[in-house]
Amino acid sequence: MRSFFLPLLVVAWKDIRLELRTRELVTSILVFALLAVIIFTFAFDPTPERVALVMPGTVWVAFTFAGTLGFNRSFMLEKDRGSLEGLLLCPVTRDVIYLGKLLGVFLFMSLVELLLLPVFSALLNFPLLDLRLIAVALLATLGFAGVGTLFSAIAVNTRSREIMLPILLLPVAVPVVIAAVEATGALLEGASFGEVRRWWQLLLAYDVVFLVVSAFLFGFALEE
Amino acid sequence: MRHDAPAAPKAGRQAPRAALAASRAPGSWGGAGRGDAVGPHGLILVVSTLVTADLALIFLWVPTETLAMGVVQRIFYFHVPLAWVGFLAFGVVFVASILFLWRGGRRWDALAHASAEVGVVFTTLMLFSGSTWAKPVWGVWWTWDPRLTTSLILWLLYVAYLMVRAYAPTPAQAARYAAVLGTISFIDVPIVYFSVVWWRNIHPEIIVGPTAQPGSLEPEMLVTLLFSLLTFTLLFAYLLWERVRLREAEDAVRSLRGLERSE
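Sequences listed follow chains C and R, in order. Quick note on numbering: this note's numbering labels position 63 of the first sequence as 63, and the sequence is numbered without any gaps. Quick note on numbering: this note's numbering labels position 225 of the second sequence as 225, and the sequence is numbered without any gaps.
The reader is advised that the hints may include incorrect statements.
Claimed, not checked - Label pairs and their calculated CB-CB ranges:
hint	chain 1	residue 1	chain 2	residue 2	range
1	R	L162	C	G86	31 to 39 Å
2	R	G91	C	I163	26 to 34 Å
3	C	V212	R	R103	20 to 28 Å
4	R	L45	C	L204	48 to 56 Å
To be clear, the hints were calculated from the coordinates, so they are not data collected in a lab. Glycine included, each C-beta is placed from N, C-alpha and C at the ideal position.
The shape of chain C in the complex, shown without the other chains (with noise of 0.2 Å):
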């Protein structure tokens, strides 16, 4: 257990560091996520019933194209400082660097969504800061960022890699976005968490399934 546990905390624990000097991953996603849901106002005119109706949508477009920078970000940070390599020769398994970098990914989106809730909650004068949201919110974060990972370790390689990522990640997400974006509008329209129950176990499911899958494809998408 702790063979596994502790190398795969220190390569989370690397990318946090990194942030944590260079605050450039965080800044960049939050940015674009709060602009994102500023440029949609413009779109649609925030009176309180279109809010209403667009907000849930409006909030996962946003951190769903947010989170695709971040992605790709995360490992173009590898690949073009050779730092790559030096992950690759670590004496641990494939799937302990994917799900190390997973954390550091999944940490920083979730930073980042629960920091612009309260401030979109404001911005639109409509309460999202609810528990049964946030769990939804992470829940639909880690399947994302999971998919995500493996994503962007082929998308860096290729040519046009920054709009790889999109192109490849999309379609896959959709189930996310999907059970994201209903599961947000049923819970704001005061459904019980019983009552949204098939949008996060769907979530559940595809969360098991695309770690599992992925930590078991990792290696193959890293080799030079």
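Following the hints, position chain R against chain C.
Here is chain R on its own, set in the frame of chain C:
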């Protein structure tokens, strides 16, 4: 398409030959010459006969549907086989991708690559034929019905698959990345389908989905559909075969070029 068509460089005639043989021997489908003589020629005769017969059945023999749709209903005999072949092709990609990751070998990669390309062509035609049918019958080109939505996502998944192949820096990387995607994408399809079904159940749909169930078909219509399914499946097999051989020719040319550079 013959492998030895590209002119060998004058210097070292023997070396490229050896490279060609080596490129074929370990991981390629069928030996040199054998497939050229029998496989595609026999298959192309069978397939072109079947396609001709299928067209005759669809446009001349099967009665026109008179209750609701009229002549437009004949699109059905193309649309259903196209959808089936598209899904079959991506199933082949899935199996070949897993075998490639598990066992290695260029031939599994060639099979997955060929099948994905043919699958995207058939899925594209499926989307177009479906839209062409939907406009006169439903009154709209498109509706966000679970089957339609899943088909569109399916198409996008494999377009991305082909893009990664094209944009990967080396053939070996293209093969590995594609195998990872070929596995993930196929696992994703049922999950997408269920999420879209639930999504659509929450927003009630006004337009009813395609009502043509096999049970409600006239005997002639059923025969035509089954014949069409068989024809398209064999057409797929033929195209897949040709594409795999073309891929192997491409690999052989690439290894010849590599040899030329190293001399």
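Quiz prompt | Numbers of unmet hints, in rising order | solution = none
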